[in-house]
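Peer 1: My request is simple: use the sequences and hints to build the entire structure.
2 protein chains.
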Amino acid sequence: MALTEVSCNKIFGGLQKVFSHKSKEVGCTMKFGVFVPPQAEENKKLPVIYWLSGLTCSEANFIEKSGAQRYAAIHGVIIVNPDTSPRGLNIPGDSESMDFGVGAGFYINATQSPWKDNYRMFSYVTKELIEIVNLNFPVAEGKQSIMGHSMGGHGALVCALKNPGLYKSVSAFAPISNPLKCSFGIKAFTGYLGPKETGTWSEWDATELVKKYSGPALELLIDQGMEDNFLKNQLLPENLMEACKNVSFPAILKKREGYDHSYYYVASFIGEHIEYHMKNLTK
Amino acid sequence: MALTEVSCNKIFGGLQKVFSHKSKEVGCTMKFGVFVPPQAEENKKLPVIYWLSGLTCSEANFIEKSGAQRYAAIHGVIIVNPDTSPRGLNIPGDSESMDFGVGAGFYINATQSPWKDNYRMFSYVTKELIEIVNLNFPVAEGKQSIMGHSMGGHGALVCALKNPGLYKSVSAFAPISNPLKCSFGIKAFTGYLGPKETGTWSEWDATELVKKYSGPALELLIDQGMEDNFLKNQLLPENLMEACKNVSFPAILKKREGYDHSYYYVASFIGEHIEYHMKNLTK
Numbered sequence: 001m002a003l004t005e006v007s008c009n010k011i012f013g014g015l016q017k018v019f020s021h022k023s024k025e026v027g028c029t030m031k032f033g034v035f036v037p038p039q040a041e042e043n044k045k046l047p048v049i050y051w052l053s054g055l056t057c058s059e060a061n062f063i064e065k066s067g068a069q070r071y072a073a074i075h076g077v078i079i080v081n082p083d084t085s086p087r088g089l090n091i092p093g094d095s096e097s098m099d100f101g102v103g104a105g106f107y108i109n110a111t112q113s114p115w116k117d118n119y120r121m122f123s124y125v126t127k128e129l130i131e132i133v134n135l136n137f138p139v140a141e142g143k144q145s146i147m148g149h150s151m152g153g154h155g156a157l158v159c160a161l162k163n164p165g166l167y168k169s170v171s172a173f174a175p176i177s178n179p180l181k182c183s184f185g186i187k188a189f190t191g192y193l194g195p196k197e198t199g200t201w202s203e204w205d206a207t208e209l210v211k212k213y214s215g216p217a218l219e220l221l222i223d224q225g226m227e228d229n230f231l232k233n234q235l236l237p238e239n240l241m242e243a244c245k246n247v248s249f250p251a252i253l254k255k256r257e258g259y260d261h262s263y264y265y266v267a268s269f270i271g272e273h274i275e276y277h278m279k280n281l282t283k
Numbered sequence: 001m002a003l004t005e006v007s008c009n010k011i012f013g014g015l016q017k018v019f020s021h022k023s024k025e026v027g028c029t030m031k032f033g034v035f036v037p038p039q040a041e042e043n044k045k046l047p048v049i050y051w052l053s054g055l056t057c058s059e060a061n062f063i064e065k066s067g068a069q070r071y072a073a074i075h076g077v078i079i080v081n082p083d084t085s086p087r088g089l090n091i092p093g094d095s096e097s098m099d100f101g102v103g104a105g106f107y108i109n110a111t112q113s114p115w116k117d118n119y120r121m122f123s124y125v126t127k128e129l130i131e132i133v134n135l136n137f138p139v140a141e142g143k144q145s146i147m148g149h150s151m152g153g154h155g156a157l158v159c160a161l162k163n164p165g166l167y168k169s170v171s172a173f174a175p176i177s178n179p180l181k182c183s184f185g186i187k188a189f190t191g192y193l194g195p196k197e198t199g200t201w202s203e204w205d206a207t208e209l210v211k212k213y214s215g216p217a218l219e220l221l222i223d224q225g226m227e228d229n230f231l232k233n234q235l236l237p238e239n240l241m242e243a244c245k246n247v248s249f250p251a252i253l254k255k256r257e258g259y260d261h262s263y264y265y266v267a268s269f270i271g272e273h274i275e276y277h278m279k280n281l282t283k
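Those sequence lines, one after another, are chains G and X. Under the UniProt record's numbering, the first residue of the first sequence is numbered 1, with each subsequent residue one higher. Under the UniProt record's numbering, the first residue of the second sequence is numbered 1, with each subsequent residue one higher.
Hints listed in this document are in silico derivations from the structure and should not be mistaken for laboratory results. Be aware that a few hints might be false.
Since the list gives no way to pick out one identical chain from another, each pair is judged satisfied if it fits inside one copy or across any two copies.
EDC-like, lysine to aspartate or glutamate: derived pairs with alpha carbons at most 20 Å apart [said to hold, decoys possible]: (1) Lys65 to Asp260; (2) Lys17 to Asp228; (3) Lys17 to Asp260.
In this text the structure is predicted, and so the values were computed from the model without any measurement.
Peer 2: Following this line, the structure appears as C-alpha cells:
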C-alpha cells in the first residue's frame with residue numbers, strides 16, 4: 001500500500017496533495033487527492049470528509065475548481081477525493097462514452113464481465129481508501145463523512161446507506177438520485193450489473209436503499225441547482241424525497257434558484273456543506 | 001463592438017459570463033470573462049477590477065481556478081479578465097513555444113513583422129476592452145483597478161505605469177518583474193520589438209518604467225510565493241523593488257512562505273488583493 005506523491009501545492013495555509021497507489025480492489029494504479037489543513041502541523045488527529053466526483057471527472061476537477069480548501073483550512077478537516085473509475089486498463093468498451101467505463105464507475109461493485117474484476121469503486125471507496133487514509137494521514141479514526149456531486153453525489157448516498165454508522169453524515173450536490181429511473185443509471189447498471197431482471201439494481205439505488213435502511217440515525221442533505229440541465233431527466237431528487245417521506249427518513253432538499261450543474265454551483269455552496277459535516281463530526 | 005455571450009453561470013449569487021467579440025486592436029475574435037456581482041441587480045454602478053493572466057492561459061484559468069468570485073460578490077465589484085493573446089490567426093511561429101505567440105502576448109504592442117498588426121494586447125487591454133466594458137456593463141466609469149499573475153502581473157504593472165491615473169490601484173502575483181533581464185522577457189521582446197539595440201525594450205519593462213513615472217500617486221503591491229520555481233531566474237522581484245527604492249516609488253512586496261507559482265497560490269491570496277483594490281476604488 002505504498003503511496004507515491006504526485007504533486008503537493010500549498011493553498012490556504014494547508015497542503016493539497018495528489019497520491020497514486022496500486023489498488024487491490026480495482027486492480028490498477030489509482031490517484032486520489034488529499035487536502036491536509038494547517039491544523040495538522042499541531043500533531044492533532046483530524047476529521048476527514050470524502051468527496052466523490054461526477055461523470056468524466058478525475059481527481060483534478062474538485063481540487064482545482066471547488067474552492068473547498070479554504071473552508072477545510074478554517075475548520076481543520078482533511079478532504080480526500082478519489083478518481084471516478086479505474087483507469088488504464090483498456091477494457092474493450094471502457095472509453096466509448098462519457099457515462100460508462102472510464103470516468104463513470106458509479107461507485108458500485110460490478111458483477112458482470114468484463115467489468116467485475118476492476119469496477120469495484122464501492123469497495124475501493126468504503127474500504128481500501130479508508131484504510132490507506134487512516135494509515136497515512138493524521139486522521140481521527142471513525143470521524144469521517146462523505147459528500148459528492150452528480151454521479152458522486154449518488155455514490156456518497158449509497159456509500160452511507162449501505163454502511164450504517166461508517167460516516168457521521170452525508171451530503172450530495174445534484175445527485176443522480178434514482179438511477180433505476182434515468183438513462184445514465186439504466187445504462188450503467190445494465191453494463192455493470194446485468195439486465196434489470198437480475199434483481200440487483202435496487203441494491204445500488206439510493207431511492208430504494210432508504211426504504212430498507214437500518215442503523216444509526218442518518219440525515220440526507222441534498223443540494224440542487226434549479227437551472228440544472230440534468231434535473232428533470234437524470235437527477236430526479238423528488239423521487240428520493242418522496243421515498244424518504246414515505247419511510248420517515250430524515251432528508252433536506254436545498255433548492256438553489258438560478259444555479260446549474262457546474263463546479264461554479266458546487267463552489268458556491270461547498271462551504272455550507274463542509275460546515276454541515278463539521279457539526280456532525282464534532283458532535 | 002457587438003458582444004456574443006459564450007457562457008453564463010451563476011456563482012456566489014452573481015453571474016460569471018464569457019463573451020466573444022471582434023477586436024479592432026488585435027484583428028481577431030477575442031474572448032473575455034466578466035463576473036457581475038449580485039449588487040448589479042440593484043441598478044448600482046460598480047467598480048471594476050481587470051485581471052491579466054499568465055503564459056499559456058486563456059480566459060478560463062482565472063475563472064475556474066482563482067475563486068475570485070466569492071470575494072467580488074462580497075465587495076460588489078465587477079471582474080473582467082481577457083485572454084492572453086490573439087488567437088486563430090495562424091501566424092507562422094505563433095504556436096511553437098509556451099512563451100511566445102499564442103497564449104503569450106505579454107500585454108505589449110509589437111513593432112515587428114509579422115506580429116505588429118495583431119499582437120497589440122496593451123492597446124486592447126487599456127483602450128478597447130475598457131470601452132467595451134464601460135458600454136456593456138454597469139460600471140462606475142473611472143473606478144477601475146488592475147491586477148494579474150506572472151506575465152499578466154507584469155502586464156498589470158506596465159498598463160498602470162504607462163497610463164498614469166487610468167487605474168486607481170495595481171497589484172501583481174509573481175510578476176515577471178524585469179523582462180529585460182530574464183529569458184522569457186528577452187525572447188518575447190526580441191520577437192515582438194526587435195533586437196535590444198532598437199532601444200524600445202525599456203518602454204515595456206516595469207523595472208525601467210518606475211524610474212520615469214510621472215503622474216498621480218501610485219503604489220505597487222507585489223505578491224510572491226517563496227517556493228516559486230520561476231522566482232530566481234524569471235521573476236526577479238528584487239530588481240523591481242530595488243528600482244522602486246532608488247526613486248522612492250511606493251512598493252510593497254508580500255513574501256508568502258511555502259507557496260509556488262500556481263493558481264493554488266493565487267486562490268489563497270486573491271481575496272486580500274480584491275480587498276486592497278476596493279480600498280483604493282472606494283476612496
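Peer 1: For each hint, tell me whether it holds in the structure or not.
Peer 2: Now the hints, each set against the structure:
For the identical chains of this complex, Lys65 and Asp260 are neighbours both inside a copy (15 Å) and across copies (18 Å), given an alpha-carbon limit of 20 Å. For a Cα distance limit of 20 Å, the shortest separation of Lys17 from Asp228 across copies, 17 Å, qualifies, whereas the shortest one inside one copy, 31 Å, does not. For the identical chains of this complex, Lys17 and Asp260 are inter-copy neighbours only, at 13 Å across copies versus 28 Å inside a copy, given an alpha-carbon limit of 20 Å.
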